[in-house]
Structures are given as structure tokens and as C-alpha cells.
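Trainee: Residue numbers (the working numbering), protein chains in the order written: chain A, 1 to 298; chain B, 1 to 288.
Since the hints were made in silico from the structure, they are not lab data.
From the three backbone atoms N, C-alpha and C, an ideal C-beta is built for every residue, glycine too.
You may find that some hints are simply not true.
[As the list claims (entries may be wrong)] Okay, the calculated bits of chain A under chain B, using three or more residues with CB under 8 Å as the criterion:
#1 65-72
#2 247-256
[Unchecked claim] Here are the in silico distance ranges between beta carbons for each label pair:
#3 L209/A to L131/B: 43 to 49 Å
#4 A72/A to A112/B: 34 to 40 Å
#5 I240/A to R284/B: 54 to 60 Å
#6 G260/A to A112/B: 50 to 56 Å
#7 A188/A to C19/B: 24 to 30 Å
#8 R296/A to W99/B: 16 to 22 Å
#9 R18/A to V26/B: 37 to 43 Å
#10 A30/B to S61/A: 45 to 51 Å
#11 I195/B to L209/A: 32 to 38 Å
#12 I240/A to G269/B: 24 to 30 Å
#13 A72/A to I9/B: 58 to 64 Å
#14 Q183/A to V26/B: 24 to 30 Å
#15 F59/A to P254/B: 43 to 49 Å
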Amino acid sequence: MKERQKKLISGFGGRGDRIISNLVRSVSMIGILIMLFILGFLVMNGMPVLKESSLSEIFLSRDWYPVEEPPALGMLPLIAGTLSATFLSSVIALPIAVALAIFTAEIAPRRLRNFFKVLMELMGFLPSIVLGFIGMMVLAPWLQHSLNIATGLNLLNASILLGFLVIPVVASLSEEALSAVPQELRDASYALGATRWETTRRVVVPHALSGITAAALLGVMRALGETMVVLMAAGGAAIIPTMLTDPVRPLTATIAAEMGETPVGSTHYHALFFAGLILLAVTLAINLASFYVERRKR
Amino acid sequence: MNRNRSRKIKDLAMTSLFCLAAFMLVAVLAGVAAFLFKEGWQMLSLDFLTEAPSDGMTAGGIMTPLVGTIQLVIVSMAAALPIGIMTGLYFAEYSKDDWLARVLRVSIRCLAGVPSVIYGLFGLSLFVIFLNFGSSLLSAGLTLGCLSLPLIVTVSEQAFLAVPQDYRDASYALGATKCQTILKVVLPSAASTIITGTILSIGRVAGETAPIMFTGAAFFAPEVAKSVFDQVMALPYHIYVLATASTDLEATRPIQYGAILVLIGLVLGTSAIGVVARSRLAARSGRQ
Numbered sequence: 001m002k003e004r005q006k007k008l009i010s011g012f013g014g015r016g017d018r019i020i021s022n023l024v025r026s027v028s029m030i031g032i033l034i035m036l037f038i039l040g041f042l043v044m045n046g047m048p049v050l051k052e053s054s055l056s057e058i059f060l061s062r063d064w065y066p067v068e069e070p071p072a073l074g075m076l077p078l079i080a081g082t083l084s085a086t087f088l089s090s091v092i093a094l095p096i097a098v099a100l101a102i103f104t105a106e107i108a109p110r111r112l113r114n115f116f117k118v119l120m121e122l123m124g125f126l127p128s129i130v131l132g133f134i135g136m137m138v139l140a141p142w143l144q145h146s147l148n149i150a151t152g153l154n155l156l157n158a159s160i161l162l163g164f165l166v167i168p169v170v171a172s173l174s175e176e177a178l179s180a181v182p183q184e185l186r187d188a189s190y191a192l193g194a195t196r197w198e199t200t201r202r203v204v205v206p207h208a209l210s211g212i213t214a215a216a217l218l219g220v221m222r223a224l225g226e227t228m229v230v231l232m233a234a235g236g237a238a239i240i241p242t243m244l245t246d247p248v249r250p251l252t253a254t255i256a257a258e259m260g261e262t263p264v265g266s267t268h269y270h271a272l273f274f275a276g277l278i279l280l281a282v283t284l285a286i287n288l289a290s291f292y293v294e295r296r297k298r
Numbered sequence: 001m002n003r004n005r006s007r008k009i010k011d012l013a014m015t016s017l018f019c020l021a022a023f024m025l026v027a028v029l030a031g032v033a034a035f036l037f038k039e040g041w042q043m044l045s046l047d048f049l050t051e052a053p054s055d056g057m058t059a060g061g062i063m064t065p066l067v068g069t070i071q072l073v074i075v076s077m078a079a080a081l082p083i084g085i086m087t088g089l090y091f092a093e094y095s096k097d098d099w100l101a102r103v104l105r106v107s108i109r110c111l112a113g114v115p116s117v118i119y120g121l122f123g124l125s126l127f128v129i130f131l132n133f134g135s136s137l138l139s140a141g142l143t144l145g146c147l148s149l150p151l152i153v154t155v156s157e158q159a160f161l162a163v164p165q166d167y168r169d170a171s172y173a174l175g176a177t178k179c180q181t182i183l184k185v186v187l188p189s190a191a192s193t194i195i196t197g198t199i200l201s202i203g204r205v206a207g208e209t210a211p212i213m214f215t216g217a218a219f220f221a222p223e224v225a226k227s228v229f230d231q232v233m234a235l236p237y238h239i240y241v242l243a244t245a246s247t248d249l250e251a252t253r254p255i256q257y258g259a260i261l262v263l264i265g266l267v268l269g270t271s272a273i274g275v276v277a278r279s280r281l282a283a284r285s286g287r288q
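Model the full assembly from the supplied sequences, consistent with the hints where possible.
Mentor: Pasting the structure below:
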């Protein structure tokens, strides 16, 4: 009797359970599928460009004239544009973001701290088109007048605005890392007579360093992959920048600007997918690096 | 003694520097917000929201782009929510720490870092061309759905993990099966947190431009999309078009600032609701 009852229950529950469990399992795998599809479709559409061009032309040539006959597909200026904008925006934003995180986690009283946490999070939701718009309509004319240059749409403009996208990412993640440092460590340091700054610099920051590094990597990744800001504010000239006030044309901006008017299946089309592939490879590498840094800590 | 004083001074200097950085940022943000509001507030009226753009987009309101953005949000959430919530459920309730779960976790993490323009390329090649949905509401919505998936997964996993183990144990003790426990106990307790997460994802999706540029956003559409295979106007792309391709920049200037204000209000308003609701929930569960 007992055996039968048990069988009945597990048999009944078992079937329903198995259906639901299998459903949840299989639907969850869609995440893996999407990632594989993104990789697959980019490779499939990007690789054919190598039939018309070579890796050395793409990575070493300075000429990007994709619609001429025959097309010149040198992506060096585009890569230089991406790297320079990413680098400059990181130089601008990372110190500010970490300072903000230290202020929020170590200095601010509780109320102010909550205010800043919410502010950082909301700032992270600010659509990038808004920043691109500000770059075009507000910052560009101002830079043009105050620096007396030909165009305000340039590397400097785009990097400043990219900074506004990097700051919330890095600040909120670094703040989390700093807050996770046990209070006992701070207390011990204060008990030895250290000031707040000495405690922060010698105890708290070193302890949270891997979290801050992971946050900084994610911030760099954010700048690298951003499209609308550089499309609208960077000026769009496919040249290798030599000054802060040179216009640039990063990979993302090139894809966004040119994909719309490119015939499907043309060499130019494949070249733009190849540009996407370069971008994807770099962001994936940075993403996995930050994942690894975070994991190693635990 | 002298050394101690210099240490104190250094401490004070660094503290003030950090305070200064924080308040400078607030000042800049407040300044920009005030400027945008000053330029655009006179456009804000019911007519602006309910009239379609007219005269080659140099007059009228933003009804069609606004409705288009709402349609995109609906399609993307319809696709991403079931998948995202089930994946969160899988992580929290089903997965063991095996290789499949680890591959899935890394995939979701990678998806979270894929640049938005790459989602655009992916949507173009898969939905628009390969599946032949064309440049449409459906393609753009699905692309945005893929983009919002990692956020939804993370939020719902956290929501499920926050349900106390006692609830499950109590349910099992009453003889419920795992599936009954999840449907009747875990899901209802996690629902409010998942809803706040959904609100946050809506805020994210509504402001995206790059993924929809070549998957379904229309430069101009005379009316609201009637089927999922129609192109749609979207508010962020509309702003881009007005700012870069307008025939008469001076005439459209107020419209641009008005549209920007509406977009900021829409996105930050939605996100703020999500953030506040989440902190309320956290405070409530903390008190229990």
C-alpha cells in the first residue's frame, strides 16, 4: 500500500515535473544559441571579404574607400579611431569614476550614499542617443568657438561624452567592490592610527582591487562598443588621428553609417561584417578577462 | 608632530578632492538637464504627443515614433521575458554546477557585453535576411529582445535566489512536487522583483538606437505600424534623423529638444520607477 502510494505520487508529480523541468532546461539553452548565432552569422557574413581583400590590407592599409571600384578596405584608420576614442575616454572617465566610487563608499553619509547610488544607476540608463545629441548640438559648437578649430565634432568631443557612459558603469561596480570590503579591516586600520585617506589607499582599495579592475575593464568595453555617440560626435573622417581635435571614424560608427546604404552581399557589406567581427572579438576578450578577474577573487 | 599634521592635511585634501569630484559631476548633470529642459519645455504639450510628424518632419508632433517605440518594447518583451525568466529559473532552481550551466552562464555574460551595433548586424543577417522577416517591427523587436535577455536573466535569477529556502521546504513538507512548489510558491514570491527587473529592461530597450537602425526603424512612416511586418518609426532613431538628416535644422530645433525631453522622461522615468520599486521591495524583505 505504502509502496503503491509513493509510486502514485511520484508518478503523477514525476511526469509534470519532468515536462516542466525539460521545458525550462531547453528554453534556457536559447541563450547559448543566440551567442553562437551571433558568432556564426558574423563569421559567415564577414569572412567572404577575404576573397576580395587580404588580412594585411585590412589591418595595415590606411585607405578606406569601400564604394570605389576596386574598393579599398584598409581598416587601420577605423581601428585607430576606435582605439583612440576608447583610450581617451578611459583616461578621462576612469579616475573620475573611481573617485566617485570612493566618495560614495567611504566618505558620503548614508543618505548621500543612497542618492549617489541611484544617480549612478539612472545615469547608466541614459540613452546614448541623448549624449550623441548633446555632443552635436551643445558641445561641438562650444568646442569650436572656445578652441577656435575647424570642427567641434572630433575625437575630444566624442571621448568626453563616452566618458559619461563609462562613469556610471565603473563607478557603480567599483562602489560595490569597495562596499564588500569587511568593516573590520577599516576598523583595524583606524585603530592603528591611520587617517581615512591612508585607510582607503593602503587597506580598502588594495582589498577591492580585483573588483575595481573588473569594473574598469567593463567600462573600457562599454566605450569600445558604443555607437551613437561616436557616430554623431566624432566627426566621421576615416583618418588616423594625430591631435585631440582631429575627427575620427571608429568601427562602430562606420558600421552604423554605412550598413544602411550597402547592397546585401556586396564586398562592402562583407567588410562591414568583418569590422563587426573585429569589434566582437575584442569586446569578448575584454569581457572574459573581467569575468576571470572577478572569479579569481572568489 | 609635524608629520602627523601633514598626514591630517593630506587626509583633508584628498577627502575634499573626492567630494569635489562628486559634486562637480552632479553640477554638470544638473546643468545639462536644465539646458535641455530650457530648450525643449515649450514644446511639451498633449498635441506634441498625439500629432504625427508633418511637413517633411519639420512640424507636428512625435506620435508615430512614440507609438513605434512602445510597439518595439512590447514585441521585445514578449520574446525576451519568457526566455529570460525561464533561464533565471534554471540557474536558481534546476542547474547543478555542471559544464552546461557554466557554458550558459558564460554565454549570458558574453551577450551582456556584445556591443549594441553588433546586435544590429546579427538582427539584420538573421531576422531580416535569413528568416526573411524583412526590415520590420518583428525583426527590430526580436533584436532588442536578444539585447535585453542578459539583463532579464540576471534580474530573475536574483529574484528566485532571494526567495527564502524555508518557503520551498514548507511546500515540499506538504507533499508538493518541485513543479508545484515553483509554480505556486517560488514564482509568486519572486514575481514583484521580476516585475521591477522588467521595468528596468523596458527602460534599457526603449532608448536603444543602433540595434534597430537596419532591422526595422523607418526614416519616416506616414502612420503607425499595423502589423509586425511593417516598418516602425522609433523615438531614438527619429531624434537621430532629425539631428543629422533634417532638411531644415532651425525649424526642427524645438522639435528635437522636445523629442529628447520625451525620450529622457520615458527612459529615466521608467528606470526610476524600477529602481524605487526595487529598493522598496528590498527594504520590505529586509524587515521581515
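Trainee: All the hints need checking, so say for each whether the structure fits it.
Mentor: Hint-by-hint comparison with the structure:
1. 65-72: Violated: only 0 residues of the segment 65-72 of chain A have a Cβ under 8 Å from chain B.
2. 247-256: Per the Cβ count (3), the hint holds.
3. L209/A to L131/B: 43 to 49 Å: holds (46 Å)
4. A72/A to A112/B: 34 to 40 Å: Between A72/A and A112/B, where Cβ atoms are some 35 Å apart, the hint holds.
5. I240/A to R284/B: 54 to 60 Å: Holds, at about 56 Å.
6. G260/A to A112/B: 50 to 56 Å: violated (26 Å)
7. A188/A to C19/B: 24 to 30 Å: holds (25 Å)
8. R296/A to W99/B: 16 to 22 Å: At 19 Å between Cβs, range holds.
9. R18/A to V26/B: 37 to 43 Å: violated (55 Å)
10. A30/B to S61/A: 45 to 51 Å: Holds: the Cβ-Cβ distance is about 46 Å, inside 45 to 51 Å.
11. I195/B to L209/A: 32 to 38 Å: For I195/B and L209/A the Cβ distance comes to about 36 Å; the hint holds.
12. I240/A to G269/B: 24 to 30 Å: Cβ of I240/A to Cβ of G269/B: about 42 Å, so the range 24 to 30 Å is violated.
13. A72/A to I9/B: 58 to 64 Å: holds (60 Å)
14. Q183/A to V26/B: 24 to 30 Å: Since the Cβ atoms of Q183/A and V26/B sit about 27 Å apart, the hinted range of 24 to 30 Å holds.
15. F59/A to P254/B: 43 to 49 Å: holds (46 Å)
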